[in-house]
Each structure stands twice: as C-alpha cells, then as structure tokens.
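Protein sequences, first through last, are from chains D and A.
The first sequence runs -2 to 391 under the working numbering.
The second sequence runs -2 to 391 under the working numbering.
Errors might be hidden in some of the hints.
Same chains, same label: a pair holds when it works inside one copy or across any pair of copies.
[Unchecked claim] In silico DSS-like cross-links for lysine-lysine, where the CA-CA straight-line distance does not exceed 30 Å: (1) Lys10 with Lys264; (2) Lys190 with Lys25; (3) Lys25 with Lys59; (4) Lys229 with Lys9; (5) Lys305 with Lys59; (6) Lys375 with Lys348; (7) Lys305 with Lys345; (8) Lys91 with Lys305.
Hint data in this document are derived by calculation from the structure and do not stem from the laboratory.
There are 2 protein chains.
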Amino acid sequence: MLAQQYVDMLSKKSVIRGLSEYAVARGKEIGYENVFDYTLGNPSVPVPDSFNESIIKLIGQKSSMDLHGYSQSLGIAEVRQAVADSLNRRFGMKYEMDHIFMASGAAGALAHAFRLVTVPGDEIITFAPFFPEYNPYVNLSGAVLKVVPPQTKDFQINFEEFEKMIGPKTMAVLVNTPNNPSGIVYTTETIKKLAQMLTDKSKEFGHTIYLISDEPYREIVYAGVDAPYVAKYYDATITCYSFSKSLSVPGERIGYVAINPACPDAKQMIVMCGQISRGIGHNCPSSIIQLAVAENLDITSDLSVYEKNMNILYDELKALGFTVVKPGGTFYIFPKALEDDAVAFCEKGKKYDFIGVPADSFGCPGYFRLAYCIETEKVERSLEALRKFVKETY
Amino acid sequence: MLAQQYVDMLSKKSVIRGLSEYAVARGKEIGYENVFDYTLGNPSVPVPDSFNESIIKLIGQKSSMDLHGYSQSLGIAEVRQAVADSLNRRFGMKYEMDHIFMASGAAGALAHAFRLVTVPGDEIITFAPFFPEYNPYVNLSGAVLKVVPPQTKDFQINFEEFEKMIGPKTMAVLVNTPNNPSGIVYTTETIKKLAQMLTDKSKEFGHTIYLISDEPYREIVYAGVDAPYVAKYYDATITCYSFSKSLSVPGERIGYVAINPACPDAKQMIVMCGQISRGIGHNCPSSIIQLAVAENLDITSDLSVYEKNMNILYDELKALGFTVVKPGGTFYIFPKALEDDAVAFCEKGKKYDFIGVPADSFGCPGYFRLAYCIETEKVERSLEALRKFVKETY
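If we strip away everything but chain D, and leave its shape as in the complex, we get:
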C-alpha cells in the first residue's frame, strides 16, 4: 500500500507553484517578456565567475578520488574548517571545524536541525509571515509547527502573541531573517529581546529552547540596515545556511549547519547530524561543489540589482497608496492588498499580467509577495501595468 500521507499531499497544490505555472503558460501566449512574473524566488544574477573557475581548476589539480570520492559524513574536513574561519572572520565568532556540518542547502540543514532537538510531538514555533515550506519540513519530521501571528506594522516579532504560545512542549524557535516573504531584517533589539525570552523560558520550563536561524538571505542586506548575526546573541543557536542565494547556485544544493560553540554539547550535536543523515538518506552535498564553495566563501554574486529593483517597486507602491514596509534585504517585498482578500486581489492583477502571490499560505492573509529577482528593465516596464491595474480596479 502506498503511504497515504504523501498521496494526500498531491491534491494540495502550492499557490506559488500554481501562479508560476500560470505565468509561464501566459508567457507562451503573449511572450514571457510581457508577463510581469513576480512569483518565484529564483536568483536571477549569475554565479560569480570565480566559482566556475574553481570547478575547472579543481578538475585539473585534484585526483579523481580526492575530487569525486566519498567525503566524510560530516563534510570534507578542509571545507568545514574554511567555513568556520570565514564565519569567525566576518562575525567575530569562535567556530571550529567540529561546529560545522555540510548540508544539502537550507532544506537539508533544517531537516537535521529539527531532528536534533525534537522528537515526534514536540513543538517548534515560528513567526508569520513565514516560508510555507516550513509546514512540511517540520511536520514530516514528526514535530509540530506553531505559527505566531504577524506584527504587521513593521514585521518584527509579535512578542505578546509569542509569549502566549510558548510552552513546555516548545523545544525550538525558528527564525528567518532577512525574511521570506516580508523582506524585513530583524533588528538587534528584536534578537536581544528574543534571546532574553528564550533564556527565561528555558529556565522556566527546565530545558534548553534552541534557536534555529534559517539564513539563506543573510548576504542580501541593503545599505544602512542593521543585520545582526543571530548566533552572537543566544548560545543555543543552530544556524542553517545555504549558498543558493549568495552565490546563485540553488541547483547545487549546498549549505551548512553551524552550531554556536557556546551551545551545550555543540560538538556532539554536529556528530549527531551524521547519524540523522543515515535515516533521511542525506549523505553530504556533492564533493566537487563543497570544494568549490570553500574557495568562494567571502564573495557573492553581484547582488546590487535586488536593492535597485526594491527601490523602484517600493517608491511606486507608496505612490499608489499601498501600505508597505520597506524591505531591509532579500529579494521580496510584501505590500498589503487593496482589498481584504489578497487572493481576489492577485486574481484581478492577472488581467494586467501583473502576477504576485497572495500571502494566506505565508500566515498573513490580506498581503501579497512580489519576488523581484528579475531584470530591472522588466521591473520598470511592470510599473505601467501595476498603475493601470490599480487605477482601473480600485
């Protein structure tokens, strides 16, 4: 018999995917360049040349065994050391190689983090708006995802509601800053207040509440924005990183788990990741990709286009009367729809080939997400469609 839970999932179509497929199909009718497709968070800027050069160089230099052979189950030692060194240099941390586990992107990193600190039935709390894939990621691990309602005035943490939801079954709190879908970066004040509450609640409930920090957008932060390194503020922090956005290599599935050296049993937790891998069939990212990333840790793709696109969209949305908090990073912007029902709003936008994603599945009904990781020229052309849509509809 087929496992029914996965059969059932097939009938629930992802809203993002559905709209993305609509945009592509519409593009076949009128030319994709005429569809203002803001649906997918797919990096649009190219990989740095040095990344491809590293691959070619490694092929020339390394033996077949060193390049394509089994890597240690926790990741290639020199790669883990290079990641630790880079984090220490950049954020003043004290990671050693033994605090780093190489993972297949953020999804792989999170799959390990959840299983490290929960058993089935335990609760993980996150904050709306949130990446909807957290639902299957957490719930299929056996833990239960609880979502704190959004604080829409600034999309920082709604501490009042958070305090009502945290309880003795809460084993971890999951944050994503810079945030998908809001584009907001949590301030140092927010992170400090969160750390204090987790410290207090850990004491109250008699067990460590871990902070799982999902940071794929860490390198996409706009000028002048305060973007604290989360683990600096709370000992029991499990940082989950992906190079997908910073190096524009989402298909290569490469990231890591970094456990704060100040976290109790930090090194043991990394070794545990190797055991978790055995159950979920993970067994490391590609060895050649690990080695190439290690040579490109302190650089990124040219990410400046995202801030440029954001400013163009933000100014126009404000001018048209949208309620919108200015993003501090990522490649998302998250305005309030012009009617209560953001699904209806986005549906009406289709008439103008302006395709955004309603945020009901992000835990924030009434809002919509625009993923502006597209060419600036297209963003500029989309403004006319947006204006027409708004003026003729509202």
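Based on the hints, put chain A in the right spot on chain D.
Frame of chain D; chain A shown alone:
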C-alpha cells in the same frame, strides 16, 4: 533536549569504520602501502575522463541559471528522459521520464523508496548477508527491517526461511544484487522464484508487496555471469540506483529511483517522491552533476581491475583451504573464517597487517568481507601476508 535516539547511536561504533581507522593509523606507523587494508568499499579506479570533460563543457555552454539554477523537484527533465532511454536501450524496458526520480545516491533513493510503500510499524524484509546501513536506513524511516538468514552454500536466497518470515505486515522486500558483502549475483532462477512468491503472497495478504532493488553494483558483473535486470521479472519493482561505483563518483551523490511502468500507480509514486523530499530535506542532486551524468549514462570507469583482483584473491583463498563462493560481481569477496569467531579471526589478521571485516554486522557471523577495490599490485603483495597469517595461526 537532544533527540536521544541519535545520541544513543553515537556509542555504537561501526565495525567497518573502526577497522578502517585502525588501518589508516597503522599506515602512519609502517607506511600505508604496507597495510593490506581491505576494509572500505571505496571505488579505486578513476572517473572516466569524459565525465570531467562534460562538466567543463557544460560550464562553457550553459547559462548560470540553466547550469546552477533550481532543478525541478523530481530532477531535470532532460536528465530523467536520458536515464529512461538508457534503461530501455540496455534492458528492454519501457520507462518514460515520469517513471524516473533523480536522487542523491542510493541512500537518497532508498530513503524515498521506503517511505513510498511503508508507514511506521510496517515490515521490510531483506536477506543476509546484507549491507549493515540498511538497519538505520529502514528503522529511522519508522519501518522495521527483518533479516532472512543466509544460505551460505551459494548466497542465493534462503526461500525456506523467507517463507516463514513473510507475513501480512510485510510491505516490501529489499534485495541487493550484485550483493554487498557476498559479491554474489542472484540468478534469473532466483529472481523468478522470488517474483512468484511475492505475487502469491501479495494475493494471499490482499496488498501489493513491493520489491525494492538496490543496484549500486549493477555494472560490476564478471565475465559469463547471469545478471538479470530485476524489474523485468516483477511488476511492482522500485529500482534504486547509484552512479557511485559505475562512474567512481561516490562523493557526488547521484542516483535515481526508477519505477517499473507495469507497477500500479507508477507515475503517481514518482510524484510522491517529490513530496517525501520535502520532509527529509532532499531536494535533488546537484544540477551540474545531474547534467554531467546524463551525458555519461552508457559508459563506466574501467572496472576490469576488480575482476582481476577477485581472481587473484579467490585462487589464493581456495589454495589455502578457505570455504568461499566465487563472486559474480561487485568488489567484495566473502570467505568463511578459519575459526567460528570471525571477529577473533580478523583480530589475529591484524598482526600480519591483513585487515578484513568480520561479517557479524552483515548478518552472517563466522564470515568476513574483503573489499578488493585497491591496486592489483597491493593485492598481489598481500598474499604473502595472508599465507603467513594462516600458516602461523591455524
């Protein structure tokens, strides 16, 4: 609190890994070339040049988005099509793209296969001797692994014992041919008999019993050996493949799940794999590696050294009086130890720097495994040590 099941696993040291670490440490004392290290199944022949050439060519030809961008969650369409075409060409099957799911090596493929057809508490049966990693792979999925005792005269399936163990909770049967650790290939007769029994038992218990065929050694078959393509003989076959051994790329984590087109709901099962991935953080193998493998489907590394090594070892073992079944493939040979306790036997071999792995954890006490994926020159030099070991000890 840390998840106790993974903490507990840390105290159980793998016998293979322990002996491998011993061999490496001993190598630092006397020179690794003087340690006859038969512990690890790590391919020793280089990757075909054409594989590295494909990577370099793809970097030159493809755009950053096409090369490193997100691949579809079931794998890159053209890669899935190429895999289907190759299997059809070679084995007379009728796979379509929609019967293929690209996975991170055999471990990733098996993780999906187990979750497709079992829910926690269901049973999966395999046959000793077996790859000990099947224990965590299956048991951490929530299913329960049951092991049929070995048929030591030829290491084909022990059908008498199998029939006693198969029952209404059996949802899948897991085979590995060519087999790690025995080196034996199941004959067409064995596969036919297995298929008949699964057909009869599926009818008796009122549900399909799936056959999961783990085939990482499929391309390493010696001259004149009958090596049937398992899925040809049973409709409900889920084939799990890895390119680790055929292309000597175990670090690249690339393989696939192929579901027999004749299997009920075959295409739906592939789509379900995409849902399973969301829970276990899998999200596809590396995109550049998928594309490179698709250009190298019908070739292999030069695997001839394995047969050469096997013949050298087999002849010497027979000459020394060992009971040993001649391998039909893989790079393993599996003799009976010269005393009942194979752990003690292997321990005594260390004195001669002849390092094999006792097979207790493979479900076959009293036997030991030699992984002869090493240089032929070293195999030849090891014979003197083996002779001395046997003559001075038994």
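Hints violated by the structure (listed by number, smallest first): Of the numbered hints given earlier, those the structure breaks are 2, 4, 8, listed in rising order.
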